[in-house]
Structure formats: structure tokens, C-alpha cells
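Assemble the complex: chain A is given as a structure, and chains B and C must be docked to it using the hints.
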Amino acid sequence: MDTIVPACQIIEPATAAPADGYTARRMFGARAPRIEDPALLRGEGRYLDDIRMPDPLHAAFLRSPHAHARVTRLDLSGARALPGVVAVFDADAIARELTGLRMPLGFPSATLQKDITPWVLSCTEVAFVGEAMVMVVAESRAIAEDALALIEVDFEPLPVVHDCHQALDDGSPVVRSDAVSNIAEQLQVGFGEVDAAFDGAAHVFAESLFVHRGAAHPMEGRGVLARHDPVEDAITVWTSTQMAHEVMHSIAMMLGMDQHNVRVIAPDVGGGFGCKYLTYPEEVAIPAAARCLGRPVKWVEDRAEHFVSAIHERDQYWDVDIAVDADGRIRGVRGRLLHDQGAYTPQGINLPYNAATSVTGPYRVPAYRMDVIICQTNKTPVIPVRGAGYPQAAFVMERLLDRVARELSIDRAALRLRNLIPPEKMPYDKGLTNRAGVRSIVDSGDYPATQAAALARIDYDGFPARQREARARGRHLGLGLANAVKATSRGPFESAVIRVSPQGRIDLYTGALAMGQGLATALAQIAAEQLDVPLEMIHVTCGDTGRISLGMGGFASRQTVMAGSSVHLAAIEVRNKALKVGEQLLGVPMDALRLRDGRVEVVATPTRFVTLGDIARKLKGAPGYSLPPGITPGLESTGLFQTNSQAHANACHACEVEVDPGTGAVRILRYVAVHDSGRLVNPTMAEGQIHGGIVHGIGNALFEKMGYDDEAQPVTGTFADYLLPTSTEIPHIEVVFLETPSPTNPIGVKGIGEAGTIPVAPAIVSAIEDALSPWNIRLAEAPVSPVRLLELIDASAKPRPAAAPLTPCGASGT
Amino acid sequence: MSSEEPVHTIAVTINGKAYERAVADRKNLADFLRQDLQLTGTHVGCEHGVCGACTVLVDGVSARGCLMLAAQADGCTIETVESLAGDAPGPSGLGPLQQAFRDRHALQCGFCTPGILMSLTELLRDDPSPDEEAVRVVLSGHLCRCTGYQNIVAAALQAVSKACGAR
Amino acid sequence: MKAPPFRYHAPRTLDEALSLAATLPGPRLLAGGQSLMPMLNFRLVGPENLIDLNRVAALSGIREEGEDVVFGAMTRQREIEYSPLVKARLPLLAEAIQWVGHRQTRNRGTIGGSLCHLDPSAEQPTVAMAMDASLVIVSPGRRRELAMRTFAVDLMTPALEDGEILTEVRFRPWPPGHGWAFLEFARRHGDYAIVAVAVLLELDASGRASRVSITLGGVASTPVRVPDAETRLLGSRVGADDISAAAACCGRVEALGDPQVPAWYRQRLASTLAARAIPIALSRNAAHAAAGSTSDSGLTS
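Taken in sequence, the protein lines are chains A, B and C. Numbering follows the working numbering, with no gaps: position 633 of the first sequence is 633. Numbering follows the working numbering, with no gaps: position 6 of the second sequence is 820. Numbering follows the working numbering, with no gaps: position 216 of the third sequence is 1197.
Hints listed in this document are in silico derivations from the structure and should not be mistaken for laboratory results. Please note that the accuracy of each hint is not assured.
As the list claims (entries may be wrong) - Distance windows between CB atoms, simulated: (1) D710/A <-> E1235/C: 19 to 27 Å; (2) E536/A <-> A977/B: 22 to 30 Å; (3) W1245/C <-> S773/A: 18 to 26 Å; (4) D1113/C <-> G830/B: 45 to 53 Å; (5) A977/B <-> Q166/A: 58 to 66 Å; (6) T1131/C <-> R835/B: 55 to 63 Å.
As the list claims (entries may be wrong) - Partner residues aside, some chain C positions facing chain B, computed with beta carbon under 10 Å: (7) Y989; (8) T1004; (9) P1008; (10) R1009; (11) G1013; (12) V1026; (13) I1043; (14) R1084; (15) Q1085; (16) R1169; (17) G1171.
Just so you know, even glycine gets a beta-carbon here, dropped at the ideal spot from N, CA and C.
One chain only, chain A, in its complex shape (with noise of 0.2 Å):
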């Protein structure tokens, strides 16, 4: 059973005593079932794929199957031919419809290679396997699918970066052909005295790491419909996207429209994980060429499609030495990281940035500095993934902090807590600024606190008993443990608006966007807490542009935070203005009122009441009479909360694993979180947060890598390849939650999205490492499969047991 501890509670009721008995809904905090689920558990969401539109046109994209080329001929009239086809845009016949070829850059950058984002179609030069060349538009998506298949391209393959290290080579290729050079860009970051701080440590250890790309892969791919209406030149455009207001306004741009008639919905969302994060060519390309045909258009990108044109995250190759003094205490870290952008740079720097400056995480760390080299390779682009950064960021720091352990001889959990972030020090400075130049503060936590749970959790001081005991068995189990931090909650703003209707319908719209996380519901026992209604009786739009104006969308685990802060404080604002109106209609103060399933009543006599619904009708106006005094029109507010700090989420993980000398099969037997993500709206829904980002954190630490060929062709393009955990490969998954309140917003909550994933890899390495002792391998990547293990095994000077025990360990099936 997950464990909870109490979080502290947020409005005051009303202070005449119910005559009832009746006390207010305490939404906040409620293990609330979702309001999302009767109808995705029916069969009835509507997925992107799900929208029925009449008489839709199907897109399908020709890729390409080059990692690097020049296309010398491209003959499009086998497929123009083809009954059911009706348009087939090559680049040229795309640019005519937009304002240019070239996507936006999704986050600004000043210091950024110029002409450095993708193309939306590409039919002159090809930089990576799955860039899209050429659109056609069918009847239907296997007639389109037909004629991509009679396109005739004639490419002269050109040479190909596959690696960040040979990108850096002298001599070698260029990874487009307008590249001014394969970096995209240099940067360093830091702060302290830090050669001061390596020339006076007692012990400085040196490691070079490697992260793996990997892959978002929500279960949903990303889609695209749009419809022109010629009448108003106004396109509606439903997508499978995490930001629907950035996808409005880079239509609008592309398009040449102005966002007056540009409106993006987002249906409900498959799973994001980061991937959706971005404006997509094919964002693009959909509404331009059903402007064009003045028919709706519909792409629904499939696996394959997804394996190489949605965006990877990594690889990284990090070259870092920490500086300890002799009893541990850290006094520096240094160091290179080697980052590997793809081919092409959609949406900025930001994963290489979170990276460099999330190494610290939750340590004191006096002197820091990490020169980022941010390497074009002919790959699939990259932007962040569950965890943007912090997750590689982690396991560096982790497996130094596990280096210096060993090396001195110190317990791995002492030595961190030697070196965590003490309560008293909170807010701590990191010294660092974000790329905005916000420095970065976190704002509250208690880390030793939060290892110290993990550990008794797991049993720590009883676990080399356990180790013992099993190695007398010819087992080999292993403990190991991670820190992570996540500074949440993102700025600058989102927005929130409730508005109740003279019907009395209660709408909550947000710029924020649902991807499945249950934001609806976490959103409406925000503003149920306030306005003392059942969640059922909210209704909650997410990435809608035509409901609300303004709104940033989901990512970096910021949507409970600031959207909501601002549902928190519209709900206020709401809940004020109908007893201020209640007061007036009902001739009783204030303080005598309450709200109740809709109404405001009279605590003492419950049966005198006015409904919200009332009161909004009163406050919609009657042309003429006058509102009640003191009170502007209607029964609605805008929340937009807004800030330029972070919440900062922290956790601890430890799990013991087993593994397997005779295969290499690891198996983890038990897996402990310990979280502090600050006040939990609804622990229930934290918890899966949790489990989620930890089973996509042992995908990444043991099965998920996304593999290239010294030719940059993808060699893990489906599901039996790229292996995601199944159920079978997952343990029960133990989650403790601790609750330090934040300061930084109204209502004290952390982000949880990511946090469950960041210290997944190192925890885990570290218990392989600690189970296989006996040969005193190191492991210096993620993932780590069992190929690797036992050529490590081979590799290291202690013979293997002799006897392989009977029961393996891992082996499918037992």
C-alpha cells in the first residue's frame, strides 16, 4: 500500500455552524476517481483518429530511407496518376502555399546556428532517415500509401555524420549541406571557483559516460486533421499535440493567416511524453494543403512513421571528474558533455541545457562547470523526453557520487547524505541560471529526510545480510540507490478561466493540455474545493485556442502547478463573487453563506438559497437595470498565475535487483520511491504519475535503445525491437509520498510527471554493479543489456562461479 502523509488543508469554511451537519467537499486532496474515465473506459474518447469528419482526404508522407543525400530526380506523375490521388505536393508545391519552407524554431535562441530547424518537405537534399520529402493526398490513407509507392526519386547518397565524436573529427562530413559546421552550438555553464576547487581536493576521479537515445512512444502517434472554411478563410486544425496555443501560432505564421482564424483543438491525447512538444512539418503541411484542396485532410502518423519522424532524445557522452575532500564532501565537478542534436534543431537547446545544469540535482556542490558541445549527427532530431535531461543529469552525478563512494570506502548512502541539500539551507541558490537567465532556486524540500525514508523502506541496514544469505545460494542480489531533484512548474504563465452559465453549467477553460495524466480532473478538485460542487458538475476544456487566448501547454510537470495556481485562484475569485452577490440577493452576510452543490445557501437555514446559476443570469446583465453594487459583470474569472520561479520536486529511489551471471539477465525484486512533489491534489493519481515514470526510467536503464548503424540507418524500427517494459519485467513498485509544501504557488504543490523517471537508471546501475561485486565491473551507460553484463563479466580478472545456479533469474517464462 502506497503511504501518504498528511497534507495541510487550504480554505476556510464558512464560521457560522451548519445547521445540518453538512461540512465542505475537501476536494483538494482526494484520492478522487477521474472525471475523464467513464468515457475512455466505454470506448468513447475521441482520439484524434476517432474525429469524424465527412468526407475527409488522407495524407501519407514519402521519407526518406537516406540518412544523408542529394536527390537528383523526383518523378511525381506515377503517383499523380493514380486513381483516388488527389494532390501530391512536393516542396515547391507546399512553399507556394506557406509563407516559407523553413519551421520555426520553437524556443528562442540568439546564439544558435542560423537555418537550423527542419524543413517542411525536403525534396533537394535529405538529412535523415524519415525526413519527409513528399505529401500525397487520397481518398484514403492506403491509396495514398499506393502512390507513394509509384514516386520515382533518384538520390546520390552523400556521406553521413552517425556520431557525435565523429562529428567532431577533422575531416569529416558535414551533416547538411547548409551547415556552417556539425556544432550546433557551444556552451558553458557553471559557477564557483572550479579549478580552485580540483587543485585543493584530497581525491578527484575521472568517468566517461554514455546515455543511449531513446524514444517517447506514447501509445497514441501524433495526427493531424484540418479543415478550410472557405467563407471566413478560418481552419480549424485538431492535433495530437502537448501545446496547442505554440501549434496555432506557427500555422498561423506559416499559413500566412492571422490567429483570429486559426484554431487548434486537442482532442483527447494518447500520451505525450515530451514528443508532442513541438510544431511538427506535418503540423504544417495538413492545414496547407487542406486550405488548398478546400476539403478536410487527415494524417494519422503510424509506428513506423513514428520510429523516425517523431522526435528521440540523446544519445549523450559525458567526460566528467569530481573533486571530494577526504571524507567524501564534494568540492567540485567538471566536465564535457558531448550531446547529439540529430539532424536538425526544431525547438532549441533546452535538453542539453537542462542537462548541463541539472547535474548538481540535490547535492551541495560549491564549483561546477560543464562545457556542452551540441553535435549535428544525420538522426533523427532530438528534443526533451519525460525527464528533458535531468535523467542523464542524474545518472552522472549518481554514478560519481557511487565512484567516490567505493573509491574511499564509504557507505553510498552516507556519502550522499553527506553532501544532500540540508532543510535549514532551504531555499538553496545552485548558483545557476536558467536560459532565460532566472537563476534557480530550490525553493524547498528535505532531502535527507527523503533518503532516510527510502532506506528504511528498503530495509538499507538490513540488506547485507540479504546479500550474503543469497550469495550463499549462488544468487546475486544488489541494492542501489538515486537521488534526483526536477525543478517544475515552468513559467511564465498559464491560464485558467471558470465561468458559470445562467444554466449553471460551470466551465473551466486552460491553456494548459491533458495528455492523460488526469490534468481535467486534478484541475476540477481544485476548483471544486473552492466552489463545494461535485467534480462531475465541472466542465474542463484543455487546448482548446478557441476557448481560451492564451495558454503555454504541457511540459517540463508544470500544468498542476501553474494551471493550477491560476484554476485556484479564478475559483476565488468565482467562489468571492457569489457570496458577495448571495449576501445581496439573500439579505444574510457573508459569512452565514456557503456554496453547496451549485447554490449559495444560508448555513442556518439551508432551504434559503440562490443557485449560481441565478446569480450568473443576474450578472449577465438585463439592458437597463443595474448589477448589484460593487459587482462587475459576470460570473466568471481569469486566472493567470505567473512566475518565474520553480517548484522543485525531489525523490529518492532504491530497489534491489538480481542478475543472472550465467545470461545477463537482471530482475528487479523490489523498487522503492520516495517522493516529495509537495502538496498532492489527488494522491491517487501522483502515485500512477510515479509508477509511470519509473517504468519508462527502467525502460530506459535496461531495454529502450534506439539503434543506428555506423550509417546512420535505424536498426530498432518496431516494437519487437525497441523493447518498452511489459508488465512481466516490472516489479511491484513501492511509492511513499512526503509532503513539504512549496512556497513558490498558492497552493504548495511540485510538479510529479518527471520526477518518477529521473532516478531510475542510476538506482538500478548501481544495484547491478553492487550484485555483481564479486567481478568489480563498472558500468558507465544506460542502457545496460545483458550482452553488456556478461562481456564485462568476461572481461574482469575474478573467474566465474562454477556452477550456474538452476533457477534463472529473468529468463522469460518462469
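Coordinates of chains B and C only, in the frame set by chain A:
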């Protein structure tokens, strides 16, 4: 549809209702359910039989909707997620397994959920009291990126215990 | 992706299927579809005509015929999994079938489809090799029977000619009381094995191995028997040294390698799994179990 697209006329019973339709030879069962019958509860996640989102019951046993042609379903009885609420009252009524999913927060984005519900429906019909291992083995035929599977296992076991309690 | 265009045919009889296969241009036979359908969906194959064998009733079912247990080629893996006859007479197959894909794929996947697809690490071809199964292959006016070792020509290449259909797979069960074990190693439950090992073992009255079959799947281009390992065990008491030596033979079989899974790793798995499977087979041997002896069997727990 292009003029020379070959078709077969099939008769199928889906969620208790009989349909007769001409369907393109190459169209798979999942696309047929979704596109021709607007039964969009069955989702398509990979089209190569691994993710399990398109799993439906064909003559009572689970099958990948993407690995079967619609034409092959001629004469078959198909059950999809749309059948599971059964007689549950109201427009948002839920069957027992669906209710267990809601109670135990066994879904997040919900995209994989219909396929999983169908596999578990099959399991619980065959074995009304499976243990956790049996549930996990059946679930291993599905990919879920959101939940980490834990609450799905819990929901299946809750459905078991409720059913057992009812007996 | 969507499948390329083809014409679908659903013959009801074997003769009809054979005639379609012999006369239609660009034919391809569709069995359970668990391998061919993904290839169609990814447009890796583009047959002009798809001949569905699922409605040919004569190709389905499990029966005993003389000493043999005979499977219609279209017998679904699910039927094998739940068959008391298979459990009683072909325990190796009964064990191996649990490792085949997932329940959702076994419900449609067929034994004949798997044998014709002939993935080198698939379970059913490995068992067929281990048991010297005999495959009945029919074309218009011709019937031939091939031993599995002849049928499995090379990587995913069965000895089928144009117009031929695999109709039956015949297994000759080992005598009651024999020992068996099927072990495999895969990254995840239900994945194709990286390496699979099938062991069959018969002991004589004196407790010596009188008949041995050791087969590796996933190591070479087709499942392979390991005669060296079998010879090493024959006549022995299958003690720890014998098992290690036989396992070492398995680790020396020439193996395929690729960047993800190098040859040496397949060899290592082969020896590890053989070292684990042989004792299991031994312990299940009636003669051995009757003797109640585990002291020299290599069992460590």
C-alpha cells in the same frame, strides 16, 4: 476508394448486432471496426501486433485486430470495448471490470485501455480467480506507456475479488 | 501503414486451396497471420493473391494416428496449449508452447505457420527439430513427407516449392517416462527467444542415458541438434561432469551474430541454458525420479 479495389461482402455479429458490409480485401479488422462501423473504441497503436491496443475478442478469444483481415471475420462474433458496459445504467455506466479500472486508476491516457480490457475479459471468463502472475502474463501482450501496469494489475485483481465475493 | 492491394481468397477445401495456389499469379498463403500480417501492413511483401487457409477445416486438429500425434498445419497454438493429448504425450511441446508469443497471438497463430515462417529462434520449429518431426507437404497430385532437418533449409527458408502446402506435422512421442525440458532466454516475456534449448532424455534401467536429443534454437540459421552434446551424454549417468561437457558442446555450435546480439553471446546462452535444462530433463525422467537421486545430477538447488 479506387475502382479496382477488390471487396468481399461479410456478415459479422459485433457486440450482439448483425452487420453485413462490403469490405476491401486488404482492410484489417481494426480499421474495419473503426472506419466502416465507427466503433472507434478499438485503437490502432502499432499495426504490427505488438502493442495490443487493437485487441478484440473474435469468437470469444482475444486477437489482434491489426493482424486479421476484416474479410476473415466473415461469420464471426466480435466483441469490442463498446460491449463492456453491458446493462450498466446511464450514459456513463460501467461494467465491473471497467469500474475496477476507474476505482484503481488503471488508466491514464486511455489509448491502450480498450485492448487491455478485452484481454482481461477473456482471462476472467476462462479463469475467474487468476493470481497476479496470471494477470501479468496476459498483460504482457500489451504495451502501456502511462501506468507502469501496476494499477492495471490491481484493477484486474479487484474485479476478481468482487466477482468472487458475489458468488 | 496499410497493406498493399491484393485479392483475398478463402478456400474451404484443400483441393481448392491447392488449385488456387497453383493457378493464381503471385500467390501467398495466409495461416494464423501473426507474422505475415505485420509484413503486409509494413508493405514488406506484396502478393497479388492472398490465399487464406483458415477456412480449410481439414487442415485443423490434433489426432493420434498409429504411434504418432498428428497436427493439422492450421492447428492453432491455443489448441496445442490446452490439449490434454499434447500434455500427456508431447510434454516438450506442451512446455514450449507456453513460450510462444502472447495469449493474444497464440489464439490465432498456427503450428504450420510458424514452421513455414521458420524463424530460427521460434519455439515450434525448435521442438519439431528436437523430435524429428515429419512434415507432410502436398501439391496437386503429389504428397511428400520431409523430416524437419530437411525441411529447414536455411534462415527462414523452408523446403517448400511453389504451389506446395504444408498440411500436417507428425510427431512421434518419446516413450512414457522420458525426461524433457524447454528453456529459453528472451529480453521480455513473449519475445522471440534469443536462444532456446530443448532437451529430451531417456534412461535405461541402470540409470544411463539411452537416448538423447539436444536442440538449440536461435543460435544458427535454423534450429539445430547438437550431436556432440547428445553423444557426450549417451551412455553416461548424466552426472555433473557429463552435463558440463554436454553444455560446453552447445556453447561451441557455430552461431549467428549481429550488432545487437553477437555470436559469442548466443553461444554462452546455449551452454548456460543447456546446463540448466539437462538437469531438469533428468529430474523429470521417471527412472531417475524413481531412483530418488539428485546427488550427482548437477542440481544445485
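Right, here's what the structure says about each hint:
1. Range check, D710/A to E1235/C: about 25 Å between beta-carbon atoms, so the 19 to 27 Å window is met.
2. In this structure the supplied range 22 to 30 Å holds for E536/A paired with A977/B, their Cβ-Cβ distance being about 27 Å.
3. About 24 Å separates the C-beta atoms of W1245/C and S773/A, a value consistent with the hinted range of 18 to 26 Å.
4. Checked against the hint of 45 to 53 Å, the pair D1113/C and G830/B passes, with Cβ atoms roughly 48 Å apart.
5. About 59 Å separates the C-beta atoms of A977/B and Q166/A, a value consistent with the hinted range of 58 to 66 Å.
6. For the pair T1131/C and R835/B, the beta carbons lie near 45 Å from each other, so the given range of 55 to 63 Å is not met.
7. The interface hint given for Y989/C is met, as the beta carbon of that residue sits about 4 Å from the closest beta carbon of chain B, less than 10 Å.
8. The criterion of a C-beta within 10 Å of any C-beta in chain B is not met by T1004/C, whose closest approach is roughly 17 Å, and the hint is violated.
9. About 14 Å separates the beta-carbon of P1008/C from the nearest beta-carbon of chain B, more than 10 Å, and the hint is not met.
10. With a least beta-carbon distance of about 13 Å to chain B, the hint placing R1009/C at the interface is violated under the 10 Å criterion.
11. Of the supplied interface hints, the one on G1013/C holds, with its beta-carbon coming within about 8 Å of a beta-carbon of chain B, less than 10 Å.
12. Interface restraint check: V1026/C against chain B, minimum CB-CB distance 12 Å, threshold 10 Å, status violated.
13. Using the Cβ-Cβ criterion of 10 Å, the hint placing I1043/C at the interface with chain B is not satisfied: the shortest such distance is roughly 17 Å.
14. Proximity of R1084/C to chain B holds as hinted, the smallest CB-CB distance being about 6 Å (cut-off 10 Å).
15. For the restraint placing Q1085/C at the interface with chain B, the shortest Cβ-Cβ distance is roughly 4 Å, inside the 10 Å limit, so the hint holds.
16. Given the 10 Å rule on beta carbons, the hint for R1169/C holds: about 7 Å separates it from the nearest Cβ of chain B.
17. The interface hint given for G1171/C holds, since its Cβ lies 5 Å from the closest Cβ of chain B, which is under the 10 Å cut-off.
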